[in-house]
Amino acid sequence: MAARGASRRRLTQSQAAFVLLLPFLATYALFLVYPFFRGIWISLHDWNLLAVAFNPDAKEYVGLRNYERVMWGRNITWGALASPALQIIGVIGIAASIFLRRMGRVSKVTAIALGVASVLLFVLPGFHPGEGGRWYDRRFWPTVGNTLVFVAWTVPGVTIAALLLAAALNRETKAMTVYRTLFFLSQILSVTVVTLIWQIMFSPRQGLIANITETFGGSPIVWLTDERFAMAAIVITTIWWSLGIAMILFLAGLQDISKDLYEAAALDNATGPKAFWYITLPNLKRTITLVIVLQVILQFQVFGQAHLMTLGGPNDTTQVLVRYIYQTAFRDSELGRASAMAMFLFVIMGAFSILQFVVGREDVK
Amino acid sequence: MNRGYYWLIIGLAIPAFLWLVPTLWMVSLSFQPNEVLARTTSTTLFGLIPIPFTADNYAALFSFGQTPMWFLNSLIVAVGMTLGVLAVSTTAGYALARLDFPFKNAITVICLIGLMVPEQAVFIPLYTMFADFGWHNSYHALILPRMAVPIGVFLMMQFFKAIPQDIEEAARLDGVTWLQIFWYVMLPLARPAMMTLAILTFLYAWNDYLWPLVSAQRQEFFTITLGLASIQSNFAQSEGLGRVMASGVIASLPVVVMFLIFQRYVVQAMTVGGSKG
Chain A
40 MAARGASRRR LTQSQAAFVL LLPFLATYAL FLVYPFFRGI WISLHDWNLL
90 AVAFNPDAKE YVGLRNYERV MWGRNITWGA LASPALQIIG VIGIAASIFL
140 RRMGRVSKVT AIALGVASVL LFVLPGFHPG EGGRWYDRRF WPTVGNTLVF
190 VAWTVPGVTI AALLLAAALN RETKAMTVYR TLFFLSQILS VTVVTLIWQI
240 MFSPRQGLIA NITETFGGSP IVWLTDERFA MAAIVITTIW WSLGIAMILF
290 LAGLQDISKD LYEAAALDNA TGPKAFWYIT LPNLKRTITL VIVLQVILQF
340 QVFGQAHLMT LGGPNDTTQV LVRYIYQTAF RDSELGRASA MAMFLFVIMG
390 AFSILQFVVG REDVK
Chain B
-3 MNRGYYWLII GLAIPAFLWL VPTLWMVSLS FQPNEVLART TSTTLFGLIP
47 IPFTADNYAA LFSFGQTPMW FLNSLIVAVG MTLGVLAVST TAGYALARLD
97 FPFKNAITVI CLIGLMVPEQ AVFIPLYTMF ADFGWHNSYH ALILPRMAVP
147 IGVFLMMQFF KAIPQDIEEA ARLDGVTWLQ IFWYVMLPLA RPAMMTLAIL
197 TFLYAWNDYL WPLVSAQRQE FFTITLGLAS IQSNFAQSEG LGRVMASGVI
247 ASLPVVVMFL IFQRYVVQAM TVGGSKG
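Chain order of the listed sequences is A and B.
So for the first sequence, this note's numbering puts the first residue at 40; every next one is plus one.
So for the second sequence, this note's numbering puts the first residue at -3; every next one is plus one.
No lab work stands behind these hints: they were computed from the structure.
A quick note: this is a predicted structure, and the numbers were derived from the prediction, not measured.
Check each hint, because a few of them may be wrong.
What the hints assert, rightly or not - Label-pair restraints from in silico Cβ distances: (1) A:L125 to B:W179: 54 to 60 Å; (2) B:Q215 to A:G256: 42 to 48 Å; (3) A:I296 to B:I109: 32 to 38 Å.
What the hints assert, rightly or not - Some chain B residues well away from chain A (every beta-carbon gap over 12 Å; in silico): (4) P29; (5) I47; (6) F49; (7) A55; (8) V75; (9) E115; (10) T124; (11) Q215.
We put the beta carbon where it would ideally sit given N, CA and C, even for glycine.
Build out the structure end to end from the sequences listed, making use of the hints.
Dropping the structure here:
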C-alpha cells in the first residue's frame, strides 16, 4: 500500500509493458509488417524499378496479372498423366498416407501432411501447355523444379549423414568432442567463404579434386560448367556446409533416449546396427521429422551457392527460385513480377513453418 | 572402454579428415606464393602443406586493397546489430513473458507470427522503402531490418517465462518499479540467454549475404562477406589465388575464434536459430 501511495509518477504495469514493447513493435511494424504488405501491393502492379525510381507514378495497377504472367500460360490444360513419374508417386503417396493412418503407424498430423503433399504432387505436375499453348514465363516452373531437385538431394543427404554421425559420436569422451567440433566447424563459415573454397576445389585446372583424379590417371571433370555435374557440385557443397546443425539436433535427441532401453535390448542380443534400427530410429522419429522440415525450409531458400558458383548455369540447370527472384527484380527491374514470385515462396515457406510449429508442439507433449 | 570404441575412433578419423580437407586447403593455399599457385596448386601433398611458404598474402592484404575496410564494416554492422537486437528483444521478451497488459495474447501472437516470413519474401519491398528514404549504402540500412525479426523476442520470452514468480513479488513488496525489476533483477539473470542471442545475431550479421548484396552497392559499405563475393569471381587474374584465399581466412577468423571460445553457446545459438529462425 505504501508503495502505491508514494508513486504517482511511477508507471503502472500496463504502462511499463507498453514502454518496454515499444522499441521492438516500432521496428517490427516498420521493417517487417509494413514491407510484407507492401510486397503484396507491389505484386499487384506493373512496377519497373528504374522507371518508378525516377517517377513515382510510373507504376500501374494490374490486379493479379503478375501472378498469371509468372505461373500461367496460354492454353494450359490438365492431364492425369502429363508427367507420369511424379503423378504416380503422388498417387502412391495418397494411398500410403491413408494406409499408414489406418494401420495407426503414423500420427494424424504426419498423415495429413503426407496426404496434402501427395495430392499436390498428383495435381500440380498435371498442368501443361496444350496444343499451340505455352507458359507465359518459360523459366519459372523449371526454376521451381531445379529448386525441388536441389532440396530432394540435399535434405536426405544432410539428414542421413548427420544421423549416422550423431549415432557414432553419441559418447561423452574427449575424442568424440573433438570430432563433433571438426564436423560442426564448416557450418559457421559464411556462404561466400564456402563457395570460394568449393569453387576452387571443383576447378578442373587448379582444383584439389582434379589434382587427385589426375594423379590416378583420370581426366578431370569440369564440375561447374557441365550440365550433368553442376547441380551435384552445389549439392555436395551444401551438404558439407549444413551438416552441423542437423548433427547437433540429432545428438540432443539421442540424449533423451533412455539408456535402459539399450541395456534391455542388449539382453536380447540387439546391439550395434540392430539396436540402431529397433531402438534409436523409432525413438528419434520426432527429431527426424523436425530436422527434415527445418532442412526443407533452409534449403528451399538456397541462393548464394547457385549465385556464386554456377551463376545458375549451365543452361539454367542450377537456376533456383531465390536467384530468379533476385534477377527478375534487380537485373530485369521487374519488381511486380519478382514480388509475385516472392509471395509464391512465402506461401510455401509459410506452409512448412506451420508444419514445423505443429511438429514442435507435438514435441512438447 | 572396449575395443569397439577404439575402432570407432580410428574409423571416424577418415571422414573427419575428409571433412576438414577443404578448410585446410584454403588455409594452406593462403600461405603459398601467388607465382607458384598460378602454375600449380598441388606442390606438396596436393597443396595441403604450405611449402613453399610465404606470409606475403596477408601482408599485402593489410597494406593495400579493401579487405581491412570491409572487415571493419562487418565489425561495425555485426556489433551494431547485436546491440540493437539485444535491446529490443530483452525488453519486449520481458514484457510479453512477465507483465500483464490489455490485449496481451493478441500482441504476443502478432509479434511471433513474423517468424513465418522469410527474409527473401520481404527484401524487395525493403529495398524500395530504403531507396525512398535514401538510406542505402549506410550502416543503419545494413543493421535495421534484422532488428525487426522476432526470433530474439521469442528466445528471451521463453527464458523469462522459466524464472520463478516469487523473485518479482519480493521486489514489488519492497516498492521497486517494473522497469527497475527489469534492469536490476531480470537482466542479470538473463545473461546466458542474452549470450546465446548475441552470438546468434553476430554470426547472422557476419555471414549474411542477400541483404548486403541488395543494399550496399558502393564498395565502401561492403561487408567482408559481400566483398569476398565480389573478388572471388576473378580471383585468378587480378588478385592472385593466394591473396583471395587469405581474404577468405581473414573473413572466417572472427567467427571461428568465437566458435572455439564459446563453443557451447554457439552450438546452442545455431540450434535455436536453425529451429526457430
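Is the nearest Cβ of chain A still more than 12 Å from the Cβ of P29 (chain B)?
For P29 (chain B), whose nearest Cβ neighbour in chain A is about 14 Å away, the distance exceeds 12 Å, so it holds.
Does the Cβ pair I296 (chain A), I109 (chain B) satisfy 32 to 38 Å?
For I296 (chain A) and I109 (chain B) the Cβ distance comes to about 34 Å; the hint holds.
Beyond 12 Å from chain A, beta-carbon-wise, is V75 (chain B)?
At roughly 17 Å from the nearest Cβ of chain A, V75 (chain B) sits farther out than 12 Å, so the non-interface label holds.
Would the non-interface assignment of Q215 (chain B) survive a Cβ cutoff of 12 Å against chain A?
holds, 15 Å
For T124 (chain B), is the shortest CB-to-CB distance to chain A above 12 Å, so the non-interface label stands?
T124 (chain B) is in fact no farther than 12 Å from some Cβ atom of chain A, at 7 Å.
Given the hint of 42 to 48 Å, is the C-beta distance from Q215 (chain B) to G256 (chain A) inside that range or not?
For Q215 (chain B) and G256 (chain A) the Cβ distance comes to about 45 Å; the hint holds.
For E115 (chain B), which was marked as not at the interface, is the minimum beta-carbon distance to chain A over 12 Å?
violated, 8 Å
Take a quick look at I47 (chain B) and tell me if its Cβ sits farther than 12 Å from every Cβ on chain A, holds or violated.
holds, 16 Å
A55 (chain B): least C-beta distance to chain A exceeds 12 Å?
Holds, since 20 Å exceeds 12 Å.
Beyond 12 Å on every Cβ pair: is that true for F49 (chain B) relative to chain A?
holds, 19 Å
L125 (chain A) paired with W179 (chain B), Cβ distance criterion 54 to 60 Å:
58 Å Cβ-Cβ, so the 54 to 60 Å window holds.
The structure does not agree with the numbered hints 9, 10 stated previously, though it agrees with the rest.
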